[in-house]
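Q: Residue strings, one per chain:
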Amino acid sequence: MKATNLNRRQFLNASARATMTAVAFPAFVPAAALGRGGAVAPSERFVMGCIGVGGQGTRGMAGGIWAPEGGFIGRPEIQVVAVCDVNAHNRENARRIVNEKYGNQDCATYHDFHELLARQDIQVLLIATGERWHPLLSLAAAQAGKDTYCEKPTSVTIQEAEALRTAIGRYGTVYQAGTQQRSSQAFRFACELVRNGYIGEVKEVIVGVGGPPAHKTCSLPAQPVPDWLDYDLWLGPPPWRPYNAAYVGSWMAYRDFSGGEMTNWGAHHFDIAQWGLGMDGSGPVEIIPPDGKEFPVLTYRYASGAHMIRDPQRLQREAGVDNGVMFTGTTGKVAVWRYALRTWPEHLAQVKLKPNEIHLHAADNHHTDFMNAVRSRGQPGANIDVACGSITVCHLGNIAYELGRPLRWDPAKEEFVNDAEANRMRFRQMRSPWRV
Amino acid sequence: MKTTRNHLRFLLPAVACLIVSAFGAPAAGEDEVLTQLRQFSYGRDPAPLTNVERMVATVTANASDLSARQKLAESLAAILETDASYEAKQFVCRQLAIIGTARQVPVLAKLLTDDQLSDMARYALGAIPDRAVDAALRRALDRTRGPTQVGIINTLGFRRDRAAVRPLGRSLNGADRAVATAAAAALGRIGGAEAARLLQRMLPTTTGDLHLAVAEAYLACAEGLVAQNEGERAMPLYWELFQKGQPASIRAAALRGLATASGAEGVRFALSSLRDAEPLVKRAAIGCVQRLPGHEATRQFAAELPTLPPPDQVVLLGALANRGDAAALPAVTAAAKSAEAPVKIAALEALGKLGDASVVNLLVSSAAGGSPAESQAALNSLRTLGGEGTDEAIARKLEDAPGLRAALIRVLADRQAVSAVPALTRTAADPDERVSIESFKALGQLADAASVPELLKLLGRVQTDAVREAAEAAVTEVSRRITEEARPAEPVLAALREGPPEPVRCSLLRVLAGIGNAPALTAVQSALQDPSGVVRAAAVRALADWPNPAATQALLDVFRSSQDPTQRILLLRGLVRLMGLESGRTPAQTWDLCRQVMQQARGTDEVRQALSLLATVSDPQALALVTPYLKDESVREEAAMAAVKIAGPLAAVHGDLARQTIETVLAVSQNATVRQQANTVLESLQKNEDFVTAWQLAGPFLENGKSAKEIFDVPFSPETGDKSTVWRPITAQGAPPIVDLMSALGGTQRAAYLRTWIHSDQTQPARLELGSDDGVKAWLNGAVVHANNADRGLVAGQDKVPVTLQAGWNRLLLKITQGEGGWAACARLRTPDGHSLAHVRFDSAHQETAPPAR
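Just so you know, the protein sequences line up as chains A and B, in that order.
Using my numbering, you'd call the opening residue of the first sequence number 1 and step up by one each time.
Using my numbering, you'd call the opening residue of the second sequence number 1 and step up by one each time.
One chain only, chain A, in its complex shape (with noise of 0.2 Å):
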């Protein structure tokens, strides 16, 4: 390797003395990044650009029940300046939507998200593909320095997740996963409870989510590609097939695209059980599929001994609702869902925590924690840390499904336990010429 030329003394000195001459420099960020009250013209908010702009993209960008302020163009601090579909008809419509919303004819559209990520001005993005897409375009975001909101489920594989999370690292961007209920005040107290004590030790936690998708291969008929749609744009990384209308009304029915149930709710419950479980970043220790014997549901296993299982019936039996998470420990439980709270004993619901309990990542609006992260440069709630040790939980989940087997898990390593034929699933190639 070549010597660089490389005087770090040099550096610091002139850093050193720029210092002591303390000459006016511009703010580190623009005047609504110091969260400044009240209108802000439009060349000190944040320039915002969405990629996937259909029901979901549209909610988070205009509004929906997450964000009743009216999604991100709702926002002083944001401008939204362009979107990016390979559906003509959701970019148009979302165009349409950006354009009232600012009163003018600006919104600008592209059907590749190459385009849209080469344009310097945009800082931040709204990103609401389906899952195929979710790492590479984030990955492509923080490639280009750009922060990233980035709709559930983070992956298809748990590599993927991965090397998204050594590219947020490398960068330094924000990176917020879609999983609002991370900046939900129930589930946050409920989180609390478990971590603090109040109901003893956690032995089991049930997780009420549907499970995998329903179709592992495509064996669907061809269909003429609509003139409204970038087919081969939409299909990104799983294998080739030709186009049906089915695969895109229903594309999380096929585990080419999507884990199905799996990771669409379970991004979201199995995340609260593992924050529950103080679990952020790690995971289980083994992964127990339905065995018609002593393990009926898929269960994991924790380290400390907690067992955690996918079964919506015995949490509607055990808390009346189906689609949740519900903690169990020595001494009392937890059950929460949207948009409730239940506990045993009951009063366990009115507990104030004093200053030196251990307080979670406070947070009432997703897309706020976001952008304070964006102008403090800390980490978002779901960051990528969290999104990717959650994601891995849901997909551990679905290998054991797959493979049939009890399967052992080395959370620091990210690998099987001596299980090769396990360890393949962890990744998958991709279709030319994509990769992550």
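The hints are simulated quantities; they were obtained by calculation from the structure and are not laboratory data.
Incorrect hints may appear among the rest.
Examples of chain B residues lying across from chain A (beta carbon under 8 Å, computed) [to be verified]: (1) Gln-90; (2) Pro-129; (3) Gly-151.
Straight-line C-alpha distance at most 16 Å; calculated EDC-like pairs for lysine to aspartate or glutamate [as the list claims (entries may be wrong)]: (4) Lys-101(A) to Glu-69(A); (5) Lys-216(A) to Asp-45(B); (6) Lys-354(A) to Glu-392(B); (7) Lys-71(B) to Asp-31(B).
Even for Gly, the Cβ is constructed at its ideal location relative to N, Cα and C.
Following the hints, position chain B against chain A.
A: Below, chain B without anything else, positioned relative to chain A:
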């Protein structure tokens, strides 16, 4: 990148040969399955695929039987060497990604140069942990071009094949930029000195995306060195990438690398870059402030604070707060005295995360003497401040800061500062009413059973109504936390037995009403005989305010005997409220209570109250009692409101009665609110009309090991007309009316049946509108009219089926399957164009006369 290289080839033939799935057919032998697989094409019966998937699942589930796995892998790989379809070969590659070994590498390697199948060959080869794969990929490198070559390079990089570095170096210098970019990325993944040398050589000569890829790969090489604890060797690489002229995102990443890899000097790198011209680099510098470890780093960053302009001090203070290291405390404390308001506020906020008892004085003085924003920031930080003895330190300040006393008491309450209870019992007697009220509020939260006697003493001494109210609330709140076994009302009853003055007796009765247990009720009932009229009135009010239905009968008894009109109205209001609470009463008991109240009601005001009581009872009898009052002008609007409130919930099961009632209300009422609510009920009736609400239910039915999809066509007894089937009534609830099978039966992978009879006065065409979660099959008069083996959530009318109703009774039978999650169904009959259907009625209890389903 666009490619349509495969698409057109498949479109027409696949559509042409679409055939119906033979799902569930008996499994063929292995050879037959593989033969069928060879012919598979898109759109054909997927049974060969699912059969092979099962075979693969069987061998993977049995990890110890390697020979079975190897045999299957060989059989599948053999298909790749035949003239099998593209789809079959693609599918085989998927399976070999799971079970393939070194033995299948040669056959897969042949496909690497096939532009159609190369991606799938990599799909399989990439998963096989054998060096033969890498050699095969390297050989294919020179024999491919364009996207196929890019794919091979990606897989070589993914596998971190060190032997590929030199050939990749050649690709890096090639004319195809996509290939060169892929080669750069692969070299970055592989890493090492040789890869770094090749990349370094490209740095000055590349541009655009290729340059970004080269620079990123070079970063990855540096990271590889850091991971091997060779940070010093990584420094030159980072330094080179940090130079001006490199893309901003690369410089930002290089700064992070420099700061991390350079040990103690990292702090200086970060600090120096706080003033870089590139915003991305500045942001990276702030990120470094938050992540570089060590107290010394904290001190160095903190020491920089005074040298920065105020806006950057604000950002740095936030970053120091995020570090959570108390080593920054001296500098942050100094910043809290800054003349610049934003800096001061940021410092006060940071103290809340970093400080302890030692900064209580500073925060209290800032809260007392600062601007409103500073005061707020200081109080917020006092709420979150950690450390030992902090509660006590704040409690001590109650004495020193009279102007801030109320705010500090709120802080102590928010902190759950139980140790402050003695101090709060002192401030409860503060002459400042605000302080006294806040003290009682805090005591209500923080005090325990042992404090109740002291609180009662304080209650006995209060001078103003506002403070008395706060004191009563505090005693009530604390008493409610005492378990029933520990007799929560006992201290209050003991105080009452001592015969305190009239105002205190009244207070204690109100507290007893808050506690609301049986001894408290007995004491309040006794107080109805108190010699003091004021106390008796307080007892009546306490009964009217009782928090649970236990006092209902007592209220009714007093209401019967009371002659005081004001008191009677008060009691009626209490009754109305209690009747609205959850209770163990049967509907008959509820109805009887209402009837008694109506009988006792005197005069217009009381009738109005009684009508509002009736409004809480969803029963046709209640409607019958209310309707006559619609003709009484003095209470017409109250009767109308009650009628609407009763009719609303009744609509699902007594649609005709509800409609009649609403129409009457609309004819007589002039009140806009009443009319609006009546119209809402009417709209809902119209929207939900013709839904079947009364059904008979049979089930659950299941077969071991079979999924919901598989039992969809299994004929259980309701389909065969088996007389032993047990049917039970069930009512659809809600708007639209839905049968909640999950609540009724629960479980997964099963089916249930719903049936009812529809009488049509004439033969007429109709539309059966179904909603189901999950699948639904429908029979009308024994014939299957609809089958949808779906896995879905319910949407009313999601399936619309044309049917013909015969004159007379028609039997409707539904089979609803359940996979996982929700399980529900709904159905209604409309005209073929979706309007209300005339001349029909439903009866779920009609006698079975129809033939069994076919």
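Q: Confirm or reject each hint.
A: Results for each hint:
With its C-beta approaching chain A no nearer than about 6 Å, Gln-90(B) sits inside the 8 Å limit, and its interface hint holds. Proximity of Pro-129(B) to chain A holds as hinted, the smallest CB-CB distance being about 6 Å (cut-off 8 Å). For the restraint placing Gly-151(B) at the interface with chain A, the shortest Cβ-Cβ distance is roughly 3 Å, inside the 8 Å limit, so the hint holds. For the hint pairing Lys-101(A) with Glu-69(A), the CA-to-CA distance comes to about 13 Å; that is within 16 Å, so the pair holds.
Distance hint between Lys-216(A) and Asp-45(B) is fulfilled; the C-alpha atoms sit about 15 Å from each other, no more than 16 Å. Note on Lys-354(A) and Glu-392(B): the hinted pairing holds, with a Cα-Cα distance of about 14 Å set against a maximum of 16 Å. For the given pair, Lys-71(B) sits about 12 Å from Asp-31(B) by alpha-carbon distance, which is consistent with the 16 Å threshold.
Violated hints: none; the structure is consistent with every hint.
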